[in-house]
Structure formats: structure tokens, C-alpha cells
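> Sequence:
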Amino acid sequence: MKNYRPSTKTVVVGLVLMVVGILCWGIMAPLKENPHFFFLFPLGLLLLCLGGLELTITALVTMHKNDLAFRQNEKAKKAAEEKNKTK
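In full-length UniProt numbering, the protein residues as written are 1 to 87.
Hints in this document: simulated from the structure, not taken from any laboratory. For clarity, every value in this text was computed on a predicted model and none was experimentally measured. Possibly wrong hints are sitting among the right ones.
As the list claims (entries may be wrong) - Capping the alpha-carbon separation at 20 Å, the derived lysine to aspartate or glutamate pairs in EDC-like fashion look like this:
1) K2 - E74
2) K78 - D67
3) K83 - D67
4) K9 - E74
5) K2 - E54
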């Protein structure tokens, strides 16, 4: 049975988005009195959520592929057992 793994590229992109989002919050925290840097708060939140969403979708797609491969493998085993049983 083939085991599928999540794409390294999508995992790295998701993690980078999350780190950039946290950095936006870290930059905005000491400068919260200055209204010119207020855009960093929603931008950081958006990037953090997008990174988490990308990681979640990647995990779900990988899990679905593994489940389909497992079911196909089990179906082939059952068919082989039935074939051996009828002989």
C-alpha cells in the first residue's frame, strides 16, 4: 500500500504565513499608539489564519488519499481471499 505524505512546499508555505502573521503582531505590539501601523494587526491575523487553513487543508487531502489507498488495498485483499476460497 502506498502511503501519501503532505507536500513539503505547501507545509512550508503554511508555516511561513503563520510566522509572518505572528511577526506582524510582534511589530505592532510596541507601536500600538501610532495609528499608522494599525494595519499590521488585521494583516497579521489574516496571514495567521490563512497559514493555518492551508495546513489544515493539506492534512485533510493527505488523509483522504491515504484512506482511499487503504480501502483499495483492503478491497484487493478481500477479492484475493474470495478467489482463493472458491478454488
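> All hints, please: hold or fail.
Each hint tested on the structure:
1. K2 - E74: holds (12 Å)
2. K78 - D67: holds (16 Å)
3. K83 - D67: violated (24 Å)
4. K9 - E74: Measuring from Cα to Cα gives roughly 31 Å; hence the hint is violated.
5. K2 - E54: Roughly 24 Å separates the two Cα atoms, so the pair is violated.
Going down the numbered hints, you'll see the structure goes against 3, 4, 5, while the others check out.
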